[in-house]
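Each step along the sequence shown adds one to the number in UniProt numbering, with nothing skipped, and position 852 is 852.
Please note that the accuracy of each hint is not assured.
Label pairs and their computed distance ranges (CB to CB) [as the list claims (entries may be wrong)]:
hint	residue 1	residue 2	range
1	799	643	30 to 38 Å
2	165	750	40 to 48 Å
3	53	171	31 to 39 Å
4	319	799	44 to 52 Å
For lysine to any residue, the following SDA-like pairs were computed, each having C-alpha atoms within a straight-line distance of at most 20 Å [to be verified]:
hint	residue 1	residue 2
5	432	457
6	50	68
7	642	562
8	75	59
Simulated from the structure, these hints should not be mistaken for lab results.
Keep in mind that this is a model prediction, so the values were computed, not measured.
All C-beta atoms, glycine included, are put in the ideal place defined by N, C-alpha and C.
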Amino acid sequence: MQYLRRDKKDEEESMVNPFQNIDKGIVLQEARVFNETPINIRKCIHILTKILYLINQGTHLGTVEATEAFFAMTKLFQSKDLMLRRMVYLSIKELSTIAEDVIIVTSSLTKDMTGKEDMFRGSAIRALCKITDNTMLQGIERYLKQAIVDKNPSVSSAALVSALHLLKPNYDVVKRWVNEAQEAVSSDNNMVQYHALGLLYHIKQSDRLAVSKLIAKHSKHSLRSPYAVCMLIRIASKYLDEEPDAASSPLYDFLENCLRHKSEMVIYEAARAIVNLKNLKSKDLCPAISVLQLFLSSPRPTLRFAAVRTLNKVAMTQPMSVTTCNLDLENLITDVNRSIATLAITTLLKTGNESSVERLMKQISSFMSEISDEFKIVVVEAIRSLCLKFPKKHLVMMNFLSSMLRDEGGFEYKKAIVDTIIIIIEENSEAKEAGLSHLCEFIEDCEHTVLATRILHLLGREGPRSQQPGRYIRFIYNRVILENAAVRAAAVTSLAKFGAHCESLLPSIEILLSRCLLDTDDEVRDRATFYLRVLQQKDKGLSSAYILNGLQVSIVGLERALHAYVKDTNHSIPFDLKTVPLATTSMQEQVIKAGKPVIETPAASTKPTAPVAAARQDVYATQLAAIPEFAKLGPLFRSSPKPAELTESETEYVVNCIKHVYTDHVVFQFDCTNTLNDQVLENVRVEVEPSDGEFEIVTQIPYPLLSYNQPGTTYTLIKLPDDPTSVACTFSCTLKFVVKDCDPNTGEADEEGYEDEYVLEDVDLVVADQVQPVLKTNFLASWEEVGDDYERQDTYALSQMSSLDEAVKQIIQHLGMQPCERSDRVPEGKSSHALLLAGVYRGNKDVLVKARLAFNQGVTMNITVRSKDESVSEVILSAVG
1 MQYLRRDKKD
11 EEESMVNPFQ
21 NIDKGIVLQE
31 ARVFNETPIN
41 IRKCIHILTK
51 ILYLINQGTH
61 LGTVEATEAF
71 FAMTKLFQSK
81 DLMLRRMVYL
91 SIKELSTIAE
101 DVIIVTSSLT
111 KDMTGKEDMF
121 RGSAIRALCK
131 ITDNTMLQGI
141 ERYLKQAIVD
151 KNPSVSSAAL
161 VSALHLLKPN
171 YDVVKRWVNE
181 AQEAVSSDNN
191 MVQYHALGLL
201 YHIKQSDRLA
211 VSKLIAKHSK
221 HSLRSPYAVC
231 MLIRIASKYL
241 DEEPDAASSP
251 LYDFLENCLR
261 HKSEMVIYEA
271 ARAIVNLKNL
281 KSKDLCPAIS
291 VLQLFLSSPR
301 PTLRFAAVRT
311 LNKVAMTQPM
321 SVTTCNLDLE
331 NLITDVNRSI
341 ATLAITTLLK
351 TGNESSVERL
361 MKQISSFMSE
371 ISDEFKIVVV
381 EAIRSLCLKF
391 PKKHLVMMNF
401 LSSMLRDEGG
411 FEYKKAIVDT
421 IIIIIEENSE
431 AKEAGLSHLC
441 EFIEDCEHTV
451 LATRILHLLG
461 REGPRSQQPG
471 RYIRFIYNRV
481 ILENAAVRAA
491 AVTSLAKFGA
501 HCESLLPSIE
511 ILLSRCLLDT
521 DDEVRDRATF
531 YLRVLQQKDK
541 GLSSAYILNG
551 LQVSIVGLER
561 ALHAYVKDTN
571 HSIPFDLKTV
581 PLATTSMQEQ
591 VIKAGKPVIE
601 TPAASTKPTA
611 PVAAARQDVY
621 ATQLAAIPEF
631 AKLGPLFRSS
641 PKPAELTESE
651 TEYVVNCIKH
661 VYTDHVVFQF
671 DCTNTLNDQV
681 LENVRVEVEP
691 SDGEFEIVTQ
701 IPYPLLSYNQ
711 PGTTYTLIKL
721 PDDPTSVACT
731 FSCTLKFVVK
741 DCDPNTGEAD
751 EEGYEDEYVL
761 EDVDLVVADQ
771 VQPVLKTNFL
781 ASWEEVGDDY
791 ERQDTYALSQ
801 MSSLDEAVKQ
811 IIQHLGMQPC
821 ERSDRVPEGK
831 SSHALLLAGV
841 YRGNKDVLVK
851 ARLAFNQGVT
861 MNITVRSKDE
871 SVSEVILSAV
881 G
């Protein structure tokens, strides 16, 4: 008999789907068997199964095809066979949305629903409710109400579930069944009680007082069904989330009492509900944590898994509450279920202290090879949070991560490790040297182009500023020799950054780049030629602009500007890059967001690129350029990131303002909404009055007709003053329009109307609106490039600031500039800090700021501003004063 034995794996390999290659046309032809007499039950069941398979696989059935199959299938109601009748009910439900005139089976289904055969009744109710519309529901309402209180649990549950499906389109009818549903709640059957409570809640959920009474009633009178109790716990927890003081509510006492229920399902549900409540303090979680701790030692894997998963989530927000469970969690590290072991170790990583880090790392290494990549990624993310929590232990965790990099694994797993190492390097300067060394070793055997190019970009950014920049050159140049074209191009860019930043390495870098001039790939050759030419100029300004920092333009805007330039027949004027809108992110980040694995691009690539999603400002630029009055304003410099609300959201007219800044003009875009259904507004416009007479109102573009709840946009064009230092102003705004009353039902408006107005909030134009934040990856090089010709400096006492962190946030917001070199993060315990900001003032004028902050019972700031335009330096400095 030995040859008859088959392993489970062999059975799975030999399993073949009998419906794998069935043809829709053949199946529909076979459906003619339904018309034969006598009915071949076995064959009909097989054909119905094929039809259901086709529908669930997404095969399209035409209306005519579905209708023919449906009408043929109705002949099968003659059979009393239980299996065939169930297949008929299922087929009716699936075909009801495709076929026509399905209501023809209403009488047959009603007969089955009210018949004596209990096995048919539940399925008939579900099928009938699927094909029932609002007009037919009235006719079968009494049957459904009787079915809800039927003694047969399957019939009652079918009616209750069908009522839930009917509730949304037929709320007024179903809400009349409350009494029957209330009677069903007292049923002895677990599922009937559960479904009845669910129907009651959904009927009453829009009435907070009714829900409160429902919870109060059933929390006092114990429900028999554990499913119903679990639902009541969920309803109560949702209600408690809206309470400001949840711990003092009687509903919290109900949840706490459920922790002592005889059903483990109810106990877990109550514990999970308590730990997920928003407005609870740590001490209020103790009862739930204690219950989950008991579950950790349960012999049942499901309970252990549920408990450790819930504690893992709690550890993300309140790790101290979970520390009491650490001993039990450590025992789960060796659990035979690797899902439980992974969750246990990641929870420990979130709750452990600094002294236990090394021990945890050793315990993790023992089972990492036994779990899947999905769980490994979870562990890596936990290590990331632990390393940020205990920065002094970065060496232990970095060594562990590097060993994981050498192990087998897929792309997502390796990417998670690389991302973690990069974040640790960025957050902890002491970890930079070790992190870069580990990444250099990884790219020697890296199979993933995306990861290799990302690491090369990081080496080009951080390597030149390390203690020994020369040690990384060998790893980078090896990529030029051994890798594919994309990685070679990234390596060339990285080498050029070392040459631009480190004068001692420049001769060696020039030799290496000259060897790349004969590369087989055109982009690698072009990059090498370009960088070599720039480096040979020995000009720090050129190196900073074209190598260290790269372009800061919108890719979509660059494409549009180049396309317009090519279409123009007059090419006597060279293409000006200043006509291209700026981008707040680097060109590399823009392309990465578009989904293309790219390397840093210092100049336009000669190869076709993936289409890039247009940014919000690019969309505005296109819309404004299409308006004739704005077509000659030049390129759009900046649009405000968030609309300013000029009215409350509950008022009859809702108006928001977006500021669009050009070189010499500002466009106010007013998005208006009329929330009154008995009025239409015509000739809608916003009258703007500046507080400074130097700001000139050029033109207004009204919106012709504003209907109910239909947004409309009106514009106001303002010319900025000729004086370059006059940049800030407050504008008073009034919404003006012609009101016409209208019929709310038809929308027809009266012929006569009257002028009316509505006072709005003021709009402030400030310096931050006229500065585009840009990221300078090498701030020092940019600082030297701008020079000190128009440097301005001053010292201020920021007495209202209570901390350095608050001062940094306020300065960034006030100036509207981009923090560089991660200078927006103030280290804990520091009494002084240097903030580095970069931006471009309107007219594409670079501006850089160094702010030295000191805290001593208040913040003192010494600010230095550099720009190549004197007026820009004065404007930025005066914005602080």
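Query raised in the report: Are the Cα atoms of residue 432 and residue 457 separated by 20 Å or less?
Result: holds, 15 Å
Query raised in the report: Is the Cα-Cα distance between residue 642 and residue 562 20 Å or less?
Result: violated, 29 Å
**Report entry** 31 to 39 Å as the expected CB spacing between residue 171 and residue 53, which holds or is violated
**Finding:** Distance hint for residue 53, residue 171 holds at roughly 35 Å.
Query - Pairwise beta carbon distance, residue 165 to residue 750, judged against the given window 40 to 48 Å - result: holds, 44 Å
Query raised in the report: Taken at face value, is the distance from the CA of residue 68 to the CA of residue 50 at most 20 Å?
Result: holds, 16 Å
Query raised in the report: Could one say that the CB atoms of residue 319 and residue 799 fall in the range 44 to 52 Å?
Result: Cβ of residue 319 to Cβ of residue 799: about 37 Å, so the range 44 to 52 Å is violated.
Requested in this report: Take a look at whether the Cβ-Cβ distance between residue 799 and residue 643 falls inside 30 to 38 Å.
Outcome: holds, 33 Å
Query raised in the report: Does residue 75 pair with residue 59 here, judged by a C-alpha cut-off of 20 Å?
Result: violated, 24 Å
Violated hints for the displayed structure, listed by number in ascending order: 4, 7 and 8.
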